[in-house]
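Novice: Now for the letters of each chain:
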Amino acid sequence: MHISDGELRALMDGELDSGSRESVLGHLEKCTGCSERHAIIRERANLVESEINGLMADSVKSPLLIEAARLRLGVRIQAHKENKSMWRQIFARKYRMAWVGASAVLMIALLVSFPSGRALAGRFLSLFRVQKVQTVSVDPKAVEQQLGRLRSSSQLEKLLSDNVQVNHQGVREEVTDPLEASRKAGITVRIPRAAQGPVKWVVQPAAQVTMDVDLAKIQGMLSEIGKEDLVLPPELDGAQVSVSIPPAVVGMFGECGSMSESRRPEDYDRSAFLQRPCTVLMQMLSPTVAAPQGIDIDQVAESMLQLLGMSAEEARTFSETVDWATTLVVPIPRNLNSAEAVQVDGVNGTLVTSQFRGLNRYMLIWIKGEIVYTLSGPGDRETALKLAASLS
Amino acid sequence: MQSQSELREWIDPDAQFEEVFRAQWSRLCSLLTRLTGSRAEAEDLALETFWRLYQKRDQVLRASNLAGWLYRVGTNLGLNALRAKKRRSLHEQAASRHLLGLASAESVPAAMERLEERELVRAVLARLSERSAQMLMLRSEGLSYAEIASALDLRPVSVGTLLARAETEFEKHYRAVKSK
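So the protein sequences, as listed, match chains A and B. Converting from the first sequence to our numbering requires adding 152 to each position, the first position being numbered 1. Converting from the second sequence to our numbering requires adding 128 to each position, the first position being numbered 1.
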């Protein structure tokens, strides 16, 4: 009676009970046939094992982003709970950026313009800045005019209080070193070695913004501000769009003042801050967005652009050049800023340079390995690129 | 205390789901990263796996072989993704051949040779029968025969035989791909 391949295989893995093991080993000593077969099976198992273990090289030893993952799952579960049968929630990678783009631009445009929304705006502006990959230049006068109308819209006020919810998960915390920041935010924090001056690290909590779309209310608001010609896709009605913003790590280098201590964004003086010799590097995992499937993203995006003061035709022309599914588009006031595509950190990034009260400022944005980086501070193009190149 | 929290988990599937998520997320992610070669894709697939678990938590969480369920569903999704990628890359190869004006199929072996060893192993896994590929991944993940049997719904005594068969299948495809 010879030994089966299965038993020989189990012998290798120590998966035979002691009785069978004894008798199999005893037989192998006497039987050349079985013993040769055993050698072949062993050799083959070793080949398979080493080849499959070779895949391990791709299993990067970066910290596992469990909190960020839990957040994504949470958004999906929440959306499912509240909207069980009506909508299939999408979470596909290719739609994420589109929804960050489309919904964040709308929410930001609404929130910055609205006095009691200012406290929220601080956070939204961060997201707004963080995500830009492509810029569109807009006429600041047209935007200002539009925002003025939005500010005086009573229906916008109602829309925000009834339909938009913001949940912060935790509080803003100052931490002592980048390691602690990495641990708290669930990402590997990188450090610009060339940055000078005192260093401060702040971890901003994750947040989730949920908007229940009530198309009638939105159209009412649009006609109140003289934009009744904007038409949003009808299938958007009743949809829930949620933006999930992972924790962000903000590193501040130089004389940054008390901005980090201020818990209330409306308390800090932005123009004073912009004149300080302070460099800020923000790092966060790309935000995720959940929204119903089957909505005409281009149409939503074009409406956003028009809300920011573009004509319908400008919006359409620009929209055609953008893949809304992967890009976040950021409006940059014409004349005041200039934007260019640059190579940074081995990927394509966007560099925006501007002048503020006679001082040069830059803002550099790029996305690498699902992490969004924004580096901003006083200086010119070279300063920005040199600092970014010193990241480790 | 221990038994109290166990009791709570037993009563509350959401709490138990939370526990399982925290205990298994990293391991499932690293298995799927090995399988797909992309961390981002692995996270998406792991998320999809947990999403399915969440939807079935009432049934699945009561069962004893929870990790097994996760690995079975997870590797299944991973292998599907791998096969889809293989199909895509074949199209891409065909397209690039066309662009280069190389009408013959002779450039395929050459292209295969240039494939990185790891991609080659993934291509082999994608060609195996689903159960074989799953067995090899679970074994390499260090699961015992009893755990493999439970995950793939097999009799424990047949695991050795099926594993040996899966390895033979792997070697056959591996040599075939290599020799091209």
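One or more hints might be untrue.
[What the hints assert, rightly or not] Example chain A residues on the side facing chain B (calculated, C-beta under 10 Å, incomplete):
no., residue
1, M153
2, D157
3, R196
4, R228
5, E466
[As the list claims (entries may be wrong)] Calculated cross-link-like contacts (lysine to aspartate or glutamate; reagent style DMTMM-like; alpha-carbon spacing at most 20 Å):
no., chain 1, residue 1, chain 2, residue 2
6, A, K520, B, E297
7, B, K308, B, E297
8, B, K306, A, E201
Honestly, the hints are just simulated from the structure, not real lab data. Note that beta-carbon positions come from the ideal geometry of N, C-alpha and C, so glycine has one too.
Novice: Now, for every hint given, state plainly whether the structure supports it.
Specialist: Tested hints:
1. Violation of the interface hint for A:M153 is found here, the shortest Cβ-Cβ separation to chain B being roughly 16 Å, above the 10 Å cut-off.
2. The restraint placing A:D157 at the interface with chain B holds, with a minimum CB-CB distance near 4 Å, inside the 10 Å limit.
3. Residue-level restraint check for A:R196 holds (minimum Cβ-Cβ distance to chain B is 5 Å; threshold 10 Å).
4. Among the interface hints, the one on A:R228 holds; its C-beta lies about 6 Å from the nearest C-beta in chain B, closer than the 10 Å criterion.
5. The closest approach between the C-beta of A:E466 and any C-beta of chain B is roughly 34 Å, which is over the 10 Å cut-off, so the hint fails.
6. In summary, the hint linking A:K520 to B:E297 is not supported, as the alpha carbons are separated by about 39 Å, beyond the 20 Å threshold.
7. Restraint check for B:K308 and B:E297: the C-alpha separation of about 17 Å stays at or below 20 Å, so the hint holds.
8. Using a Cα cut-off of 20 Å, the hinted pair B:K306 and A:E201 holds, with the two alpha carbons roughly 17 Å apart.
Hint compliance for this structure: hints 1, 5, 6 are not met, and every other hint is.
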